[in-house]
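Novice: Protein chains in written order, with this note's numbering: chain A, 1 to 318; chain B, 1 to 295; chain C, 1 to 349.
Because the hints were derived from the structure by calculation, they are not lab data. Among these hints, one or two may not hold up.
What the hints assert, rightly or not - In silico DSS-like links for lysine-lysine, alpha-carbon gap of 30 Å or less:
| id | chain 1 | residue 1 | chain 2 | residue 2 |
| --- | --- | --- | --- | --- |
| 1 | A | LYS45 | A | LYS58 |
| 2 | C | LYS110 | C | LYS190 |
| 3 | B | LYS51 | B | LYS195 |
| 4 | C | LYS107 | A | LYS2 |
| 5 | C | LYS124 | C | LYS107 |
| 6 | A | LYS52 | A | LYS64 |
| 7 | B | LYS195 | B | LYS120 |
| 8 | C | LYS148 | C | LYS110 |
| 9 | C | LYS124 | C | LYS148 |
| 10 | C | LYS148 | A | LYS2 |
| 11 | C | LYS110 | A | LYS137 |
| 12 | B | LYS120 | A | LYS2 |
Stated by the list, open to error - These stretches of chain C come out as covered by chain A in the derived footprint (C-beta under 8 Å, 3 or more residues):
| id | segment |
| --- | --- |
| 13 | 64-77 |
| 14 | 100-106 |
| 15 | 204-218 |
| 16 | 304-318 |
Ideal placement from N, C-alpha and C gives every residue a C-beta, glycine not left out.
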Amino acid sequence: MKYWTQRLTMVLALMLAVSMLTFASMNVLGDPLFNILGPISGDRKTPENLVKIEAAEKQYYLDKPLPERYVRWLGDFVTGDMGVRFAATGQPPVTELVKERLPRSLWLVFMAQVLALAIAVPWGVWSASRSNSLANKASTVAAFGFVSVPNFALAVILYYIFALKLGLFPLRYDASASFLTRKTQLLLPALTLALPGAAVYQRLLRTDLITTLQEDFILTARAKGVPRRQILFRHALRPSLFSVVTIFGVNAGGMIGGALVVETFFGIPGAGTAIVEAILREDFPVVLALVMIIATGFVVLNFVVDILYSILDPRVRS
Amino acid sequence: MRSEGRTVDAPPEAPSEFVEEKTLGWGFWLAVGWIVTVVGAAALAPYLPLKDPQENFLIQGERPPYSPSLEHFFGTDQDARDMFSRTIYGARVSLVVGFSAIAFGLLVGGSLGMMAGFLKGWFDRVVSFLFLVLLSFPALVLAILITSLLSRGLQTISMTIGILSIAPVGRLARAATLVYAERDFVMAARTIGAKNTRILLRELLPNVVIPMGAIALLGVAIVIVVEGALAFLGLSVEKGSTWGKLILNGTGTRVLESAPWVAFAPICALFLTVMALNYAGDRLRDYFDVKELSL
Amino acid sequence: MTDAPLLNVSNYSVGFKTERGLARAVDGVSFTIGAGETLGIVGESGSGKSVLNRSIMGLIASSRQIETGSVLFDGSEMVNQDRQNFWGNRIGMIFQDPMTSLNPVMKVGKQVAEPLRQHLGMSKRQAIERTIELFTNVGIPSPAQRTKQYPHELSGGMRQRVMIAIALAAEPEFLIADEPTTALDVTVQKYILDLLNRLQAEHGMAMTLITHDLGIARGRTDQVLVMYGGRVMEHAPTEELFTHTRHPYTEALLASIPRLDHKKHARLTPIPGAPPNIVEPPPGCRFSPRCKYAQARCVQSSPTVDGAEHRYACFFPVGTDAGAEALASNRAAGETATGLKMSHFEVDA
Ligand SMILES: Nc1ncnc2c1ncn2[C@@H]1O[C@H](COP(=O)(O)OP(=O)(O)O)[C@@H](O)[C@H]1O
Ligand code: SF4
Ligand SMILES: [Mg+2]
């Protein structure tokens, strides 16, 4: 219990620090008023501009000192109101924008993780169960290649092969297509994110499996006549997944970063493109909201990893 | 005697991997060779017999991009500029950013991490928390945040990516310091009353530098990739060309379809360089037995 | 016993190719076990007991392993054959350390059910019922609850009972128990050994009981094979071995049996020196560097395993005139032919 309270305090402190840092840097380094009103923001002499400026200052609490603005923003944020955009119209509200964009990115990252695991597990088991063959050396090189290829380069390569040359995937994402079509459209971008992840998982799984296969209980399983396949999948796999699970959280973070690039390249209107657009337009409320959501997601994921640990190893539970 | 059975039950051929004598291997030297070639070519580019990367080599009656030929090894882009020399020149910015960013990260992260691991106590807690905060941002989000708020000059980009490497490098330095601070030779130095700075510089630094060196190579690879991603989002250096910008330039659907070499020449250069850095770093890490890697 | 023995091992050797040369882990071993009989295999750690038995079963999955000689199980040749069909089905095996021999992330009930379903084709429900019966039979209290527990929730003795249940699940004709009590508390050891003997009698099963403690073999086995450096040193019916010990190594092992009236595992007279290098074994008799009877002849040539009922490999056997003379001359010289100081053997416990 003490462990969980400690962890929770730590997480909350982290989230506060992240939000303060983002909030402060955007307000100090950027110029919110300019972002809202454009060039007239510096002109307090013209009465009609002054009126606009004061109205904007009121609406966005810009007349209040920074700490107060932060507290107000935080209060709103935790109650689900992410504020108004800095765009001229302020429409749609940030919350609406997030609701529209975020699910696509979540789907993308989710599909990428599933794909990565679906590729890595059979690949890892295969390469651990016959460790020295020529095919295995080739697989090592391939894994190394996938780890080294940057996702924007991989995006270009996969797009060139599967979309342009083979025509298996549409060239652009179509947000108005049916649910299933939209998911198939996400396949190629998801694969782009998944392949490097799969290679990392495969390496880890292979190393751990080789160690596990030398454990005494594997000998027991063989001696009692369990067939080879079952030994690999039922006995050896589960205790060999710890490193994969550990890196799972970290990798999800990497995939979120990758999603910015991949969404932009494939033209998917997700949270990644939203954040890139918002940063370019200095639409800070959007950036702030998305950064906070991503950071929270990251933290939540690490909790999930902790839970996964205890599922994998009953010894952790007691 | 629990381990006695291990040797007996090793899976087929597994032992041969473990008994192999520790060498860096020819792959390592191949990788180093490639890195040296790329760095050399980039550094000496203006003195090499290369085509001007900005010149338009238009051929009358034919529309660029031109495909690879003896005249243009990697072909030309839409503006008939030579891709071979553009790729080599592109390496200049990518590598400068790569090496200077990781140098920055090593300097700041390395010294913070070492001090945290050595002094422990509240300083360690504060620094460790700072690292955690930095790690809570997805790296790329942090990078575009900083670059969009500041200018997009070479220094800013390098420093931004340098800041990103502080936390991972710092955590490694801290871990390594914690390990070595417990070792006999440091204890001995302490008992004879050596000053903290002396212990840090004379006893710990040389030992922490080795794992950090291996990490630095991996770090440079990561930095080059991050720079490429920034460029891809249109957020890298405004002036001069980088591999990322070159790739972006070749990825319009029409160019990609009709002249894939425009994108693939810099992709290959980037890929091989990143792979070489990764491989060399990996081998070094194995060679010096560096366990923790949180990059 | 007029019919052929259940297990007939003759001139069986196992080597491993290593960088330094061939490691002869088992070297020319022969013995037979009849149905329902028990063989004790005794020797220090590293003498090749585990390799011998795992190799007979074909459990060593290494391409560096080389097997020669002959092993007939129920009349069929096993050497260099795929023996998977025998695993768990006709031959069961129990290992030394119940802590590491059970899958830590699988409920023990399922681990017992696996061979039941595999070999006896039972349904899930049948397997669970049978598992509970087996647990009752090996003396696990509240068996139904235990099946749902993980290994780490059980004590060492309980885990070894689970291991026994697993090995016996498919009712094999032959059981190999590789140091089944070495990792257990002294108090539990006797219980497990008695249990094994009882189950063996009930099922009419043959058994090989491997141990480094010669005392365990007494009263629980029909014959004993003493191994050293991969070779057979002495092989005799159990009582004969204890009453008419011939081999100096067996004698040394006997002198080092821990007794209950001494401190736990305190050895009376430890054998000086270490087990031989099996890649480059010492010349002549492999035990000569540690033997207090050793003479010049022992270094020049190797003794062969001779005899009918009672076989041993020694030029100067214990309890014979040759042995007594050898010992006397070594005592007089103060050291053996291999330069071992006799004072090593004269220390009191
Ligand atoms: N795969 C292997 N390769 C090389 N040597 C081995 C291998 N397996 C076992 N050995 C060697 O064989 C010898 C006998 O080991 P083992 O049968 O485990 O002894 P015991 O069970 O009697 O304690 C040891 O010296 C061990 O090092
Ligand atoms: S007396 Fe000689 S042959 Fe007999 S065990 Fe000793 S060394 Fe070996
Ligand atoms: Mg053994």
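Novice: Now, for every hint given, state plainly whether the structure supports it.
Specialist: Tested hints:
1. A:LYS45 <-> A:LYS58: holds (18 Å)
2. C:LYS110 <-> C:LYS190: holds (27 Å)
3. B:LYS51 <-> B:LYS195: Not OK: LYS51 (chain B) and LYS195 (chain B) at ~57 Å, beyond 30 Å, violated.
4. C:LYS107 <-> A:LYS2: holds (29 Å)
5. C:LYS124 <-> C:LYS107: The given pair, whose Cα atoms are some 14 Å apart, holds under the 30 Å limit.
6. A:LYS52 <-> A:LYS64: Cα-Cα ~17 Å, so holds.
7. B:LYS195 <-> B:LYS120: With a Cα-Cα distance of about 16 Å, the restraint between LYS195 (chain B) and LYS120 (chain B) holds, given a limit of 30 Å.
8. C:LYS148 <-> C:LYS110: Holds, at about 8 Å.
9. C:LYS124 <-> C:LYS148: At roughly 14 Å apart (the allowed maximum being 30 Å), LYS148 (chain C) and LYS124 (chain C) satisfy the hint.
10. C:LYS148 <-> A:LYS2: Status holds; Cα separation ~29 Å.
11. C:LYS110 <-> A:LYS137: Given pair LYS110 (chain C), LYS137 (chain A) is violated - Cα atoms ~36 Å apart, limit 30 Å.
12. B:LYS120 <-> A:LYS2: holds (23 Å)
13. 64-77: It is violated: at least three residues are needed, and the segment 64-77 of chain C offers just 0 whose Cβ sits closer than 8 Å to chain A.
14. 100-106: With 7 residues in contact (Cβ-Cβ under 8 Å with chain A), the coverage given for the segment 100-106 of chain C holds.
15. 204-218: violated (count 0)
16. 304-318: violated (count 0)
Of the numbered hints stated above, those contradicted by the structure are hints 3, 11, 13, 15 and 16, listed in ascending order.
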